[in-house]
Structure formats: C-alpha cells, structure tokens
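Given the sequences, and given the hints that come with them, work out the whole structure.
Residue numbers (this note's numbering): 156 to 945.
Where hints are given, some of them may not hold.
To be verified - Using 30 angstroms as the maximum straight-line C-alpha spacing, the simulated DSS-like pairs for lysine-lysine come out as follows:
id	residue 1	residue 2
1	Lys-246	Lys-308
2	Lys-765	Lys-649
3	Lys-676	Lys-165
4	Lys-350	Lys-676
5	Lys-765	Lys-170
6	Lys-767	Lys-918
7	Lys-649	Lys-399
8	Lys-285	Lys-253
9	Lys-233	Lys-253
10	Lys-761	Lys-165
Unchecked claim - Derived DEER-like restraints, expressed as beta-carbon distance ranges:
id	residue 1	residue 2	range
11	Arg-160	Val-892	33 to 39 angstroms
12	Ala-899	Glu-231	54 to 60 angstroms
13	Leu-185	Trp-163	23 to 29 angstroms
14	Ile-284	Ala-340	14 to 20 angstroms
15	Ala-803	Pro-205	33 to 39 angstroms
16	Val-864	Leu-275	52 to 58 angstroms
17	Gly-674	Asp-694	28 to 34 angstroms
18	His-889	Gln-306	36 to 42 angstroms
19	Val-864	Gly-793	35 to 41 angstroms
20	Glu-302	Ala-340	49 to 55 angstroms
21	Thr-280	Leu-185	56 to 62 angstroms
22	Gly-681	Pro-279	35 to 41 angstroms
Hints were generated in silico from the structure; no laboratory data involved.
Source: prediction; values computed, not measured.
All C-beta atoms, glycine included, are put in the ideal place defined by N, C-alpha and C.
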Amino acid sequence: MEMIRTEWKKIRQNKLLLVSFIVICSIPLLYASFFLKSMWDPYGKTENLPIAVVNEDKSVEFEGETLSVGNDIVDELKDDNNLDWKFVDSKKAQQGLKDRKYYMIVTFPENFSENASTVLSDNPTQMVIKYETNGGLNYLGEVLSEEAIKQLKNNVSEKVTKAYVSAIFNKVDDMGGSITEAADASAKIKDGVDKVKDGNDELYSNLNKLSKASLTFSDGTDSLSLGLSTYLNGVLSANNGAKKLKEGLTAYQSGIKTYTGAVKQAAQGANTLNKNSEDLKQGAKLVSDGVSQLNKELGTTIGSLGNNADGVKQLADGMTAVNTAVSTLNTGAKSLASGIPTKDQVSGVTKYLDINTFSKLPKEQQAMVLQGAAKLLAGYDTIGTAAGQISGGLDTLSQKTPALVVGTNQVYQTLGAVSQQAPALTAGLSKLDAGAKSLNNGVNSYTAGVLQLSQGLDQLNAKAVDLNSGIGQIAGGSNDLAAGLTKLTQNNSKLSSGMSQIKNGAGDIHDGAAKLANGSKKLGNGLTDISDGAGKLNDGLQDGADTIKSFDASDATIDMIAAPSTLEQTKYSEVPDYGHALAPYVLSLSLYVGCMLFNFIYPIRKVAIKGKPVVQWWLSKLSVGIAAATVMAVVEAGVMNLLGVDAASTGSYFVTALITAYAYMLLIMTLSVAFDNPGRFVAMIILVLQLAGAGGTFPMQLTYKFFQVIHPFLPMTYSIYSFREAISGGLGNHVLVSSLLVLAMIAVVSALLLLVSMTVLKKISKDGISQLDDNQKLMDSDYSYADSSL
Numbered sequence: 156m157e158m159i160r161t162e163w164k165k166i167r168q169n170k171l172l173l174v175s176f177i178v179i180c181s182i183p184l185l186y187a188s189f190f191l192k193s194m195w196d197p198y199g200k201t202e203n204l205p206i207a208v209v210n211e212d213k214s215v216e217f218e219g220e221t222l223s224v225g226n227d228i229v230d231e232l233k234d235d236n237n238l239d240w241k242f243v244d245s246k247k248a249q250q251g252l253k254d255r256k257y258y259m260i261v262t263f264p265e266n267f268s269e270n271a272s273t274v275l276s277d278n279p280t281q282m283v284i285k286y287e288t289n290g291g292l293n294y295l296g297e298v299l300s301e302e303a304i305k306q307l308k309n310n311v312s313e314k315v316t317k318a319y320v321s322a323i324f325n326k327v328d329d330m331g332g333s334i335t336e337a338a339d340a341s342a343k344i345k346d347g348v349d350k351v352k353d354g355n356d357e358l359y360s361n362l363n364k365l366s367k368a369s370l371t372f373s374d375g376t377d378s379l380s381l382g383l384s385t386y387l388n389g390v391l392s393a394n395n396g397a398k399k400l401k402e403g404l405t406a407y408q409s410g411i412k413t414y415t416g417a418v419k420q421a422a423q424g425a426n427t428l429n430k431n432s433e434d435l436k437q438g439a440k441l442v443s444d445g446v447s448q449l450n451k452e453l454g455t456t457i458g459s460l461g462n463n464a465d466g467v468k469q470l471a472d473g474m475t476a477v478n479t480a481v482s483t484l485n486t487g488a489k490s491l492a493s494g495i496p497t498k499d500q501v502s503g504v505t506k507y508l509d510i511n512t513f514s515k516l517p518k519e520q521q522a523m524v525l526q527g528a529a530k531l532l533a534g535y536d537t538i539g540t541a542a543g544q545i546s547g548g549l550d551t552l553s554q555k556t557p558a559l560v561v562g563t564n565q566v567y568q569t570l571g572a573v574s575q576q577a578p579a580l581t582a583g584l585s586k587l588d589a590g591a592k593s594l595n596n597g598v599n600s601y602t603a604g605v606l607q608l609s610q611g612l613d614q615l616n617a618k619a620v621d622l623n624s625g626i627g628q629i630a631g632g633s634n635d636l637a638a639g640l641t642k643l644t645q646n647n648s649k650l651s652s653g654m655s656q657i658k659n660g661a662g663d664i665h666d667g668a669a670k671l672a673n674g675s676k677k678l679g680n681g682l683t684d685i686s687d688g689a690g691k692l693n694d695g696l697q698d699g700a701d702t703i704k705s706f707d708a709s710d711a712t713i714d715m716i717a718a719p720s721t722l723e724q725t726k727y728s729e730v731p732d733y734g735h736a737l738a739p740y741v742l743s744l745s746l747y748v749g750c751m752l753f754n755f756i757y758p759i760r761k762v763a764i765k766g767k768p769v770v771q772w773w774l775s776k777l778s779v780g781i782a783a784a785t786v787m788a789v790v791e792a793g794v795m796n797l798l799g800v801d802a803a804s805t806g807s808y809f810v811t812a813l814i815t816a817y818a819y820m821l822l823i824m825t826l827s828v829a830f831d832n833p834g835r836f837v838a839m840i841i842l843v844l845q846l847a848g849a850g851g852t853f854p855m856q857l858t859y860k861f862f863q864v865i866h867p868f869l870p871m872t873y874s875i876y877s878f879r880e881a882i883s884g885g886l887g888n889h890v891l892v893s894s895l896l897v898l899a900m901i902a903v904v905s906a907l908l909l910l911v912s913m914t915v916l917k918k919i920s921k922d923g924i925s926q927l928d929d930n931q932k933l934m935d936s937d938y939s940y941a942d943s944s945l
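Written as structure tokens, this is what we have:
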C-alpha cells in the first residue's frame, strides 16, 4: 500500500502531472460531446438544407378539368418545412449549385402536366422530375436530398393518382351505362346465337342430305361416264354412218333424177294411151254388139262374115299390139315401184334425221334437213299412191288383155272357118258372144285403169320437181350432218376429260359435304357454348352494371386509392434521433481514445519506490489506471446524459461505461508496459480495426467480409452492444450481460498479464524504464534501450 500512496502523492505534488491527469480524464468527454453533438440530429434539421426548385410546367386540360401538377406541387412545397425550398429560375439554380448555395436542383419540365394527362391514351408518357445534386459538396447532403426527392416523387404520384382515379371513376360511371347497353346487346347476341344454332341444325341436316346426295351424284357420274363413253362410241358410229349416208344420198339423188325422167315419159305415154282408150271402148262395144247381133241373126249374117274378115283381122292385130303395150307398161310400172325407196330405207334415213341426233347441229341446218325429209316423205306418199293405182290398173288390164287377144284370135280363126264349119259356128258364136261381152268389160276396165294411170303419172310428174328439190336438200343436210358429226367427234377428248373432272369433282363434293356436315356439327357445339357463354356474359354484365351503379366514389375513396397503404410501425426499441443511434459507438470510441492517450502521456512504467515487490508496483499502477478509467467513464456518461443521451436503463448505462473503460485501460496498459512503444502502436492498430469492424455505424452485413470476420474479436464490439441495450434496449438483457462479461474477462486477463509483464521486466532490470523517457535520444546513433536506466 506504501507504493500506492507514493504514486498518488507524486501526482498531487507534480502540478503538470496532475493537470495532465485531469485533462486526459476529460478527453473522452470532449471527444464524445463535440463529435456527437455535431451530428446529434441532422435529419431533424433538414429545414436548413437549401434545395432549388425550378418550375417550368405548363397547365393542360384533362377530362374537362385544368391539370397543373407543377404549380400544385410548388404550392405544397411553399408550406413544407422539411427542407429549405428555394423557388428560382433555371439560370439562378445552376449558378447556385455551382456556388455551393444549393445541395440539389429540382426541375419540373415544361411537359410535366402534359405527360400526366396521357395516362388514358394509347401511348402514355411517364412524368419526369429532373434533379441535380453535388455529392462532392457533402455526401450526406446528397443522401438527404435524394430522400427528399423520393418523398417528393411519392407526393406527385399521389396527387396525379388522385386526378387519374377521379377521371377513371367518371369513366366508370359512364361505363356503367355502357355495360348496361352491353348486357342488353349480349342478350340479343344470345338470341341471335340461338337462332344461328337453329339454322345450323337445319344446315347440318341438309348437309347430311347433301353428303348422301353427293354420294348418289358420284355414283350417277360413274353411270354418266359409262353412258358418255357409249355416247362417244355412238357419235363415232354416227359419223361413219353419216359418211355412208352422204355417199348413199349421192347415189340416191342420181337415181331420183333418172326416176323422175322415166315418170315424165310414162306420164306422156299414159296420156296418149288415155286418149286412145275411147276409141278402144267404142270398138269393143261394136264388137260386142256385133257378136250379139251375129248370134241373133246367124243365118242372115253368116253370109256377110267374109266381108267382115278384114275388120276382125285388124281388131286382132290391134289387140295384140295393145297386149304388148300393156305388158311393157306393166313392166315399167313395176320397175317404177321397185325404184321407189321402201319404208325401211326411209326409216333408215329418218333415224339419222332425228331431232336429238341433230341437237348439236346449227338450227338452220336442222331446219333444212327436216324440211327436205318432210318433202321426201310427202313425195314418197304421192309416188306410192300413184304407183299403186298404176299397178292396180295394169294388173287388171294385163289379166283381161290376154283373154281379149285370145278371144280376138279365136274370132278371127272362127270367122275363117265359119264358111267351112257353119254348124260349129253357131256354137262358137255363143262363146263369141260371151267373149265379146268379156272383151267389152275388159276394155271398160282397161280404159278405167288407163285413166287412173294417167292421173297418177300426172300427179307423180307434178311431185317429181319437189322430189328432186327435197333430195337435194337432204343431200345438203347430209353434208352438214357429216361436218357437224366430224366436229362433234373432234370434241370427244375434251368431253371425256370434262367428264373425268366432273367425276373427280363429284368425289370432292361428297368429301367436302361430309366435312361440312362434321364442321357444322362442331359449329353447333360451339354455338351451344357461345349461347351459354352469352347468357353468362349477360348475367355478368348486368351484375357489373348494377354494381357500378351502386358504387359511389367519395373523396375519401379517391384518397384511399391514391394512397392505399400507410405505415404503422411497432418499435421493438426506441431510438429518438441520430445522436442516440450513434452514441454507443461514440461513447465507446471516446473511452478507448482517452485510455490510449492516458497510457501515452502518463509514466505508466515508472516505479514509485525502487526495491519494492512487483505486486506493489502492479497495484500502484493498477490503482491509477482504474481511477482514471473510472473518472473517464463517470464524467463522460454523466455529462452526455445531461447533454441529451437518455438511457433506457441508467444503471446499465453507467455500468457499461465503467466496465468498458476498465477493459480498455487495462488492455492498453498491459500492451504499453509489456512492449513499451510497440505495444502502444498495437493499441493504435486495434483502434483502427475497431473503427471499421466494431459495427458502430452501418450493419456488419454491409461491410467487407474481413471486418465481419474480426468483428467478434474486437472489445469495442461488446461495448457497443452493451451501450445500445442500455440506451435504447431492443437487444435483450442476455446481450447486455454477455457483452459485459466479455469486457470484464478482457479486464481481468489484461490485469493478470500486466502483473506477468511487470514481473518479467523486474527480472531483467527494465522496470521503470521507458522509451518515452528518452524520446529525444531515440535519434542518437549510440542509443541502446538495453543500457538505459533510471
């Protein structure tokens, strides 16, 4: 205890040492008070931070109202005391930023309100608040300015949003009526869709029919294809037949000319024969009368037979000539009849003149052919009738003339023999009388036939011109027929190709009709869905319209939408300002600086009484160090508390200050005693590391990995934790207790190491020796720390 009293006695007796002791003990207070008060509440004094505001915005019309966002914001800023707003033009603002009068320039551009009005357009343009800062003037000022501009941006957004929401609600009101109309329209759509669906059902039914009919049509095209093939073959055959018909008609025309010439000659002969038939009738009558009279007056007339023999002879010769002429005429009539075309021949011609066959010929050619055919047939009827009459008359005449010839010959022969055979003459006269009557009848029949023949030949001759004209027309028509059939055969390939296309098209029609039917079925299903959807849409639109009509947006509603959320903070601990937030760091740092300065200035290695035990040396220095640490802690903590550092727990606050000061003092004292100046340098290094690694300002998660690694091994880390819990709370008592225990362990271990180091120094006779004592001699070339002594 003697050395402790001596240590304190020397402090009291040495004015300089006493003043140094007092000043050093007040260093933490000075450091903490000046440093902390200089930034006690910078965020609470932003009303002194000058910010230039340049408003170049121009008002615009928006939804029937004037929109002037820039002016509105400026009016609000004039009543805002959070920053020192200076409303100037662009030129003054730029000059003020250059002259360091303003920390930031906020500019509302000319199109600020105009851009705000584009929100409901197709291409909306964002509003831009321009701001310029000068971080070189003061970074914290720049940070505060940026925070202000963010708040300003929020205010602008809220104001513009209110204008937007108001306009939108007006639109919504209008939209309510439109939705009602849309609901009515959707109901009509549903009705229309239902009608379309019914129509589609009928369409689907008819498409099924079309699909089946197209299959039948496809089969029909197959049959048509076969029929067309047969038709084309028939056309080829008809073409060949037309050529043969043309050749036959040429020969037929030549025969007709010959035939008409013969008819003309026959008519002339028949006329001559008809003229002579009256004489023949009179002669025959005379014969008959004569025979009758001969038969009656046989006796009287026999004698005159010789005189009549020449007349009978002439009659017999004439009858023979008549018989020969009749035979020749009969032969000519039969030739005429055989030269007339038969019905089969005419039918053969007629089948080529059928209107269906010539449907492809021009109408003029068809008319000419049919007209010629009609004339041909008319001539054929006339010729047939006349020929029949001639043939009938000639048959009758030919049947009677032989008997007449025979009878005449018999008369002649009889008359020759009458004179010789008178008895037989009487019997012969009876037969002659009968023959004469037959001759008379035959002549009558013959003359009648000649008359008919003459009339028929006259008619035939009259129609011969028409026959020649008709056969010429038929020949011309046959030429046209042959030409038309040739053209028809030339188009056979095109017709066959078209038929193939029709056949393929029929298949496509069938496939397409089937697909259409399937598509119509799907369309029906879709229309059902559309109808259901239209019904739901109608219900939804009607509900929406009712909802919109029932909604009335008040100003409070618009404000709510413009600022839908607010902040509600629950503080786990209360840190009223930046000073209280920084106080744990500054208090810890101040105590460390004070303890370090004490060990730099106070003769910590000096021994108060030589020859005393090491423990007394240790206790004497320990008493001074503990006393200085106690004064530093109590004065600093007490005065700072008076200056505004309010502690959540005053007791914990002072205990933290004391234990922190003890830990720092003993740690630095141990380094200074054990290693002298190098130990003090180590203490400086620890200070530097703690400035960055103790977590006094920013969260450790924001620092580099190196500082995060050393953070748990730094004494100031635990001092800051303890002060934070003591001042603001929120960390928990276990953090306070554990931190204080770490600091106490540092103090105890440091005190024990101090005792060890003093013991070593005493053994090597370096107790009481410090390089600080010979600080001026450190530059001497012959200085030796080992040779230095008290």
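Hint check:
1. The hinted pair formed by Lys-246 and Lys-308 meets the criterion: a straight-line CA distance of about 23 angstroms does not exceed 30 angstroms.
2. Straight-line distance between C-alpha atoms of Lys-765 and Lys-649 comes to about 144 angstroms, which puts the hinted pair past the 30 angstroms bound.
3. Between Lys-676 and Lys-165, the direct Cα distance comes to roughly 118 angstroms. Violation of the 30 angstroms bound is thereby established for this hinted pair.
4. This hinted pair checks out: Lys-350 and Lys-676 have alpha carbons roughly 15 angstroms apart, not beyond 30 angstroms.
5. A threshold of 30 angstroms between alpha carbons decides the hint, and for Lys-765 with Lys-170 the separation of about 23 angstroms falls inside it, so the pair holds.
6. The straight-line distance between the Cα atoms of Lys-767 and Lys-918 is roughly 13 angstroms, inside the 30 angstroms bound, and the hint therefore holds.
7. Taken as a hint, the Lys-649 and Lys-399 pair is honoured in the structure, with Cα atoms around 26 angstroms apart against an allowance of 30 angstroms.
8. The straight-line distance between the Cα atoms of Lys-285 and Lys-253 is roughly 17 angstroms, inside the 30 angstroms bound, and the hint therefore holds.
9. Among the hinted pairs, Lys-233 with Lys-253 is consistent with the structure: their alpha-carbon atoms are about 24 angstroms apart, no more than 30 angstroms.
10. For the given pair, Lys-761 sits about 11 angstroms from Lys-165 by alpha-carbon distance, which is consistent with the 30 angstroms threshold.
11. Checking the proposed 33 to 39 angstroms range against Arg-160 and Val-892 shows it holds: the Cβ atoms sit about 36 angstroms from each other.
12. Here the CB-CB span from Ala-899 to Glu-231 is close to 56 angstroms, well matched to the stated 54 to 60 angstroms.
13. For the pair Leu-185 and Trp-163, the beta carbons lie near 24 angstroms from each other, so the given range of 23 to 29 angstroms is met.
14. Between Ile-284 and Ala-340 the beta carbons are some 44 angstroms apart, a value that contradicts the proposed interval 14 to 20 angstroms.
15. The hint said 33 to 39 angstroms for the Cβ distance between Ala-803 and Pro-205, and at roughly 36 angstroms that hint holds.
16. Taking the beta carbon of each, Val-864 and Leu-275 are about 56 angstroms apart, inside 52 to 58 angstroms as hinted.
17. Against the hinted window of 28 to 34 angstroms, the Cβ-Cβ separation of Gly-674 and Asp-694 comes to about 30 angstroms, which satisfies the hint.
18. As the Cβ distance of His-889 to Gln-306 is approximately 38 angstroms, the hint placing it in 36 to 42 angstroms holds.
19. Against the hinted window of 35 to 41 angstroms, the Cβ-Cβ separation of Val-864 and Gly-793 comes to about 36 angstroms, which satisfies the hint.
20. Checked against the hint of 49 to 55 angstroms, the C-beta distance between Glu-302 and Ala-340 comes to roughly 53 angstroms, which is consistent with it.
21. Checked against the hint of 56 to 62 angstroms, the C-beta distance between Thr-280 and Leu-185 comes to roughly 57 angstroms, which is consistent with it.
22. Gly-681 and Pro-279 have their C-beta atoms about 37 angstroms apart, which keeps the hinted 35 to 41 angstroms range intact.
Consistency note: the structure conflicts with the earlier hints numbered 2, 3 and 14.
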